[in-house]
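Chemist: Okay, here's what each chain looks like letter by letter:
Protein chains: 2
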Amino acid sequence: MTGTLVKDEQIKEAIIQAAQKIFQQYGLTKTTMEDIAKAMGKGKSTLYYYFSSKEDIFVSVINKEINEVFDSMVAACQQQQSARTKIEVVIKTKVKALHNKLNLYRILSTELPCSRDLMESCRIQFSQREIELFVEILQFGVDHQEFSESIRSNLPFLAYVVISAFRGLEFDLFFSGTDLDAKIDLLLSILVKGLQ
Amino acid sequence: MTGTLVKDEQIKEAIIQAAQKIFQQYGLTKTTMEDIAKAMGKGKSTLYYYFSSKEDIFVSVINKEINEVFDSMVAACQQQQSARTKIEVVIKTKVKALHNKLNLYRILSTELPCSRDLMESCRIQFSQREIELFVEILQFGVDHQEFSESIRSNLPFLAYVVISAFRGLEFDLFFSGTDLDAKIDLLLSILVKGLQ
Numbered sequence: 001m002t003g004t005l006v007k008d009e010q011i012k013e014a015i016i017q018a019a020q021k022i023f024q025q026y027g028l029t030k031t032t033m034e035d036i037a038k039a040m041g042k043g044k045s046t047l048y049y050y051f052s053s054k055e056d057i058f059v060s061v062i063n064k065e066i067n068e069v070f071d072s073m074v075a076a077c078q079q080q081q082s083a084r085t086k087i088e089v090v091i092k093t094k095v096k097a098l099h100n101k102l103n104l105y106r107i108l109s110t111e112l113p114c115s116r117d118l119m120e121s122c123r124i125q126f127s128q129r130e131i132e133l134f135v136e137i138l139q140f141g142v143d144h145q146e147f148s149e150s151i152r153s154n155l156p157f158l159a160y161v162v163i164s165a166f167r168g169l170e171f172d173l174f175f176s177g178t179d180l181d182a183k184i185d186l187l188l189s190i191l192v193k194g195l196q
Numbered sequence: 001m002t003g004t005l006v007k008d009e010q011i012k013e014a015i016i017q018a019a020q021k022i023f024q025q026y027g028l029t030k031t032t033m034e035d036i037a038k039a040m041g042k043g044k045s046t047l048y049y050y051f052s053s054k055e056d057i058f059v060s061v062i063n064k065e066i067n068e069v070f071d072s073m074v075a076a077c078q079q080q081q082s083a084r085t086k087i088e089v090v091i092k093t094k095v096k097a098l099h100n101k102l103n104l105y106r107i108l109s110t111e112l113p114c115s116r117d118l119m120e121s122c123r124i125q126f127s128q129r130e131i132e133l134f135v136e137i138l139q140f141g142v143d144h145q146e147f148s149e150s151i152r153s154n155l156p157f158l159a160y161v162v163i164s165a166f167r168g169l170e171f172d173l174f175f176s177g178t179d180l181d182a183k184i185d186l187l188l189s190i191l192v193k194g195l196q
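Chains as they are written, first to last, in the UniProt record's numbering: chain Y, 1 to 196; chain Z, 1 to 196.
The set of hints was computed from the structure by calculation and includes no laboratory data. Being a predicted model, the structure only gives us computed values, none of them experimental. Built from N, CA and C at the ideal position, the CB exists for glycine as well. Where hints are given, some of them may not hold.
List time: in silico SDA-like cross-link candidates among lysine to any residue, alpha-carbon distance up to 25 Å [unchecked claim]:
| # | chain 1 | residue 1 | chain 2 | residue 2 |
| --- | --- | --- | --- | --- |
| 1 | Z | K193 | Y | K12 |
| 2 | Z | K92 | Y | F171 |
| 3 | Y | K92 | Z | I151 |
| 4 | Y | K92 | Z | I163 |
| 5 | Y | K12 | Y | K44 |
| 6 | Z | K92 | Z | T31 |
| 7 | Y | K193 | Z | R152 |
| 8 | Z | K96 | Y | A159 |
Computed list of chain Y residues with no C-beta within reach of chain Z, every gap over 10 Å [as the list claims (entries may be wrong)]:
| # | residue |
| --- | --- |
| 9 | T4 |
| 10 | K44 |
| 11 | E88 |
| 12 | E170 |
Have a look at the derived ranges for each label pair, beta carbon to beta carbon [unchecked claim]:
| # | chain 1 | residue 1 | chain 2 | residue 2 | range |
| --- | --- | --- | --- | --- | --- |
| 13 | Z | L5 | Y | K193 | 50 to 58 Å |
| 14 | Z | K30 | Y | Q17 | 41 to 49 Å |
| 15 | Z | T85 | Y | Q17 | 48 to 56 Å |
| 16 | Y | K64 | Z | E55 | 38 to 46 Å |
| 17 | Y | L98 | Z | I11 | 20 to 28 Å |
| 18 | Z | V6 | Y | S121 | 51 to 59 Å |
| 19 | Z | E34 | Y | Q128 | 45 to 53 Å |
| 20 | Z | Q79 | Y | L98 | 36 to 44 Å |
| 21 | Z | G3 | Y | S121 | 58 to 66 Å |
| 22 | Z | Q25 | Y | S153 | 44 to 52 Å |
Using the sequences and the accompanying hints, generate a full structural model.
Modeler: And the structure:
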């Protein structure tokens, strides 16, 4: 990247960071471009040079948060030495992150008119990266004789099914379910035995 | 029940049936109490004797539909001779019914202001009956040596986890997923092996 491009990226990142804090505090509806500009000590025109609207900034904030969640899942995964514990930490890290971001999810579902499309696009993006991660984990499990060689034939399909199975439990977060960790542990035990 | 109570129930049922058709055709917002009364050849006052509002009728329609879905799941289950096929037909019957009711779900999520609370109450009701059904199936599986004796200790908790695992796949219905039956079959194979 050239110097100007790097500087552009830095300013964009600074805007997103400032907006992230303000959105968390006041929600999307009450926040104005003026508020975000003020928080940065810049003029509104700077913001409009990089983003067309506060919704546009909000989408970037969401994408940043998704990347953060995914990065923390990958980091937790890399520290583990078995496929079983890799799956466990990935799911539990995701659940913890989702729990922390429930507030953001509520803003999304009530304040953003385009939230359905936005959430759909976030979901697809996140889902693709998650499948790649689980394909690696399952492959690791086969390579290390934790899982049966027979599952190797269609790992992306299997990864999708395993992720979905846990996703069913993750929805408990939105419905004040209890014992989520115990439920994850039980499902993990059944799945690991089923994959042997 | 006395004669009057039976007659009251019959009229309520007739109102619900008439409303069901009209809601499906026009949606909740466009339908009036007048429309429902007209379709039955009754006056509005008859409707208001049994229901306080069209939203009240709508809730009864939803409950009726939920009962129909659940009854079809139970009927399919009873015809099967193994725990594995019982789970398979229960889930596939549910998925098929949900697919047919997608339109209703869309009305719910966009037209009904109280849809969140209503859906939450429907979800809890349905979920409790589903857990009881799965406890029976899992118990049947243990009794017939399909599943390990060791799972008998906490069947309601296990039933919840198994239902949730499939629920993760059921959400595919709302996001135009493909190969849902193949995904259900794969998850079922893994879970059944994991429960042996």
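Chemist: Hints numbered earlier in the text: which of these fail when held up against the supplied structure?
Modeler: Checked against the structure, the hints that fail are numbers 1, 6, 12 and 17, while the rest are satisfied.
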